[in-house]
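Student: Starting from the given sequences, assemble the full structure and let the hints guide the process.
Here are the chains, one letter per residue:
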Amino acid sequence: MKAVTWRGVNDIGVEDVPEPTILNGHDAIVEVGLSATCGSDLHLVGGYIPAMRAGDVLGHEFMGTIVETGPDVTRHQVGDRVVVVSFTSCGQCWYCRQGLFSLCDNGNPNPGITEALWGQAIGGCYGYSHAMGGWAGSHARYIRVPYADQGAFPVPEGVSDERALFASDAAPTGWTGADLAGVQPGDTVAVWGAGGVGQMAARAAMLMGAEQVVVVDRFENRLEQVRTHIGAETLDYEEVDVPAELRERTGGRGPDVCIEAVGMEAHSPGPAHVYDQVKQQLRLQTDRPTAVREAIYACRKGGSVFTLGVFGGVVDKFPLGAVMNKGLTLRGAQQHGHRYIPEILERMSRDEVRTEHLATHVMSLDDGAKGYRMFKEKEDGCVRAVFRP
Amino acid sequence: MAGTSHRGDVASRVVRVGSTLVQQVRSTLDPASAQPAGGHHAASGWLVVTVFCEPDRLDENAPPGPLVELGDRIEVRVRPAPADKGVELAARLRDRSARANAPRRLSGNDPQAEVRSALRRAKQLVEVGEVLAVDPAPHGERTPTPGGTLLEAWTRKAPEGGVL
Numbered sequence: 001m002k003a004v005t006w007r008g009v010n011d012i013g014v015e016d017v018p019e020p021t022i023l024n025g026h027d028a029i030v031e032v033g034l035s036a037t038c039g040s041d042l043h044l045v046g047g048y049i050p051a052m053r054a055g056d057v058l059g060h061e062f063m064g065t066i067v068e069t070g071p072d073v074t075r076h077q078v079g080d081r082v083v084v085v086s087f088t089s090c091g092q093c094w095y096c097r098q099g100l101f102s103l104c105d106n107g108n109p110n111p112g113i114t115e116a117l118w119g120q121a122i123g124g125c126y127g128y129s130h131a132m133g134g135w136a137g138s139h140a141r142y143i144r145v146p147y148a149d150q151g152a153f154p155v156p157e158g159v160s161d162e163r164a165l166f167a168s169d170a171a172p173t174g175w176t177g178a179d180l181a182g183v184q185p186g187d188t189v190a191v192w193g194a195g196g197v198g199q200m201a202a203r204a205a206m207l208m209g210a211e212q213v214v215v216v217d218r219f220e221n222r223l224e225q226v227r228t229h230i231g232a233e234t235l236d237y238e239e240v241d242v243p244a245e246l247r248e249r250t251g252g253r254g255p256d257v258c259i260e261a262v263g264m265e266a267h268s269p270g271p272a273h274v275y276d277q278v279k280q281q282l283r284l285q286t287d288r289p290t291a292v293r294e295a296i297y298a299c300r301k302g303g304s305v306f307t308l309g310v311f312g313g314v315v316d317k318f319p320l321g322a323v324m325n326k327g328l329t330l331r332g333a334q335q336h337g338h339r340y341i342p343e344i345l346e347r348m349s350r351d352e353v354r355t356e357h358l359a360t361h362v363m364s365l366d367d368g369a370k371g372y373r374m375f376k377e378k379e380d381g382c383v384r385a386v387f388r389p
Numbered sequence: 001m002a003g004t005s006h007r008g009d010v011a012s013r014v015v016r017v018g019s020t021l022v023q024q025v026r027s028t029l030d031p032a033s034a035q036p037a038g039g040h041h042a043a044s045g046w047l048v049v050t051v052f053c054e055p056d057r058l059d060e061n062a063p064p065g066p067l068v069e070l071g072d073r074i075e076v077r078v079r080p081a082p083a084d085k086g087v088e089l090a091a092r093l094r095d096r097s098a099r100a101n102a103p104r105r106l107s108g109n110d111p112q113a114e115v116r117s118a119l120r121r122a123k124q125l126v127e128v129g130e131v132l133a134v135d136p137a138p139h140g141e142r143t144p145t146p147g148g149t150l151l152e153a154w155t156r157k158a159p160e161g162g163v164l
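Residue numbers (full-length UniProt numbering), protein chains in the order written: chain A, 1 to 389; chain B, 1 to 164.
These aren't lab readings, by the way, just hints derived from the structure by calculation.
Keep in mind the model is a prediction, meaning the values are calculated, not measured.
Idealized CB from N, CA, C, for every residue including glycine.
Please note: incorrect hints may appear among the correct ones.
Said to hold, decoys possible - Restraint ranges, calculated between C-beta atoms of paired labels, are given here: (1) PRO154/A with ASP56/B: 33 to 39 Å; (2) GLU60/B with LEU320/A: 41 to 47 Å; (3) ARG57/B with GLY158/A: 41 to 47 Å; (4) GLN281/A with ARG57/B: 49 to 55 Å; (5) GLU60/B with VAL78/A: 40 to 46 Å; (6) ALA100/B with ALA322/A: 39 to 45 Å; (7) PRO80/B with LEU320/A: 34 to 40 Å; (8) ARG218/A with GLU60/B: 55 to 61 Å; (9) LEU150/B with GLY209/A: 46 to 52 Å; (10) LEU207/A with PRO80/B: 37 to 43 Å; (11) ASN61/B with GLN184/A: 48 to 54 Å; (12) ARG73/B with ALA272/A: 51 to 57 Å; (13) GLY79/A with THR143/B: 53 to 59 Å; (14) ALA81/B with ALA244/A: 45 to 51 Å.
Tutor: See below:
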């Protein structure tokens, strides 16, 4: 079958690869309907997460149709239209039973790598390096889904493929950030990053009762999407001083909740960006935490900062003094989608969550390299390139 | 096979090669900067996983299959975890005369590697009823590179390595 593969740093290929087979009783095989590029893929493409091998199939955000099930799958049948959460989680360990699905003890067959990096292993993720399990990704005609009863969710009638697709990763990641950051009715919430995840975090915060939600980015087409499709306010960080604007909008307090949805390749117009770029290229830090720093400084005393963007290792000039002295709650997580996807799909069916606008460029797998290039370079206003196998 | 390249790749790679050199020098001057946290072993030699199950599900005299396979080479300990977190299942080699350093433990090249793997598989069997398999996973051409060869070797041993 055809698949979009990682060939090397900034080198995307389209190759013929073997079709997946059932290996465990709880597996299903899904024929992929749509599969999205994600901002976190760019960390793999750019070589910032050095655990990819040439030939690895990319993609972790997808929906499709179940075409085969293992003998222990009980909740799904062949022909079911499903959206699949990007994390592989068993649903049975203590972490899964607490609703902390991305922390699953059993979903990563290569636990030694992330234990060495972080002290503990977390669950696996499709198409996201051998550190995260070595699972083949979804930019292919078929994908194997382990723990299918846990990770695949039926798409309600009336919810389009294009909408359901983003219930796989962008929307539940946004929900994870807003929920675990502790958004309360009446809060002011600031979100750094107006990509798919940032937009969904903003929408989640609004649905959780936030009174004022402000999204920060520099790309006007994304900020326009936020205003039009999400209904939140926007700030262009190349045009204004973000902390000053946020103070002005909050009576000098700062936002109650600050959600960082940017990750390890953050950009800023100031000298901090040059500093972080140099240190990252010299491997004196692995990640650029520019947006996290700003979120910490902007947050109100006693407020909550959530790192939702993907980080891999260590950062420099981290304002721990501000975290401690301002009494901030600092938290982060990969998505616990199993916990939020049923609610998201229900809200999608009620038109409370709309995501089709994120799929600005839909193309075939043959255009894999073009899709990633457009997505990375933001060509033609690309917010997400989506592949239809 | 189709591909793409980007401006600045060559310069970026040159910088990265240089930076790797800088990192190696820095690691030599300051070993703590390259030391993964938690890579050392407990003095007792016990390796422990917490299994989310009822306390009567595990018996140290009749441990799960992967531990039985190690026979008399290991001893097994079972005790309840606090706050309903399940059962702490521990195993250690009877002969603990050979001790490995942190890099060997993390990469699964130490005498306890098979105990570590057996504990993980035992936990999965009790909690899920199966041991998760990932290979064979679909993939394209594996172009041989030094980095790829190193990663393949680490991945092959990853089920047996780590801080457990």
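Student: Verify the CB-CB distance for GLU60/B and LEU320/A against the hinted window 41 to 47 Å.
Tutor: holds, 43 Å
Student: Does the Cβ pair ARG218/A, GLU60/B satisfy 55 to 61 Å?
Tutor: Holds, at about 60 Å.
Student: Take the C-beta atom of GLU60/B and the C-beta atom of VAL78/A, compute their distance, and say whether it sits inside 40 to 46 Å.
Tutor: holds, 43 Å
Student: Cβ-Cβ distance between PRO80/B and LEU320/A: within 34 to 40 Å?
Tutor: Holds: the Cβ-Cβ distance is about 37 Å, inside 34 to 40 Å.
Student: Range first: 49 to 55 Å. Now tell me if the beta carbons of GLN281/A and ARG57/B are that far apart.
Tutor: holds, 51 Å
Student: Do the beta carbons of ALA100/B and ALA322/A sit within 39 to 45 Å of each other?
Tutor: Distance hint for ALA100/B, ALA322/A holds at roughly 41 Å.
Student: Does the beta carbon distance between LEU150/B and GLY209/A stay inside 46 to 52 Å, or does it fall outside?
Tutor: holds, 50 Å
Student: Do the Cβ positions of LEU207/A and PRO80/B conform to the proposed distance bound of 37 to 43 Å?
Tutor: holds, 41 Å
Student: Does the Cβ pair GLY79/A, THR143/B satisfy 53 to 59 Å?
Tutor: The hinted range 53 to 59 Å is violated for GLY79/A and THR143/B, with Cβ atoms some 38 Å apart.
Student: Would you say the C-beta atoms of ARG73/B and ALA272/A sit inside 51 to 57 Å of each other?
Tutor: holds, 55 Å
Student: Using the C-beta atoms of PRO154/A and ASP56/B, is the stated range 33 to 39 Å upheld?
Tutor: This hint holds: roughly 36 Å between Cβ atoms.
Student: Within 48 to 54 Å: is that where the Cβ-Cβ distance between ASN61/B and GLN184/A falls?
Tutor: holds, 52 Å
Against the hints set out earlier in the document, a violation occurs for number 13 only.
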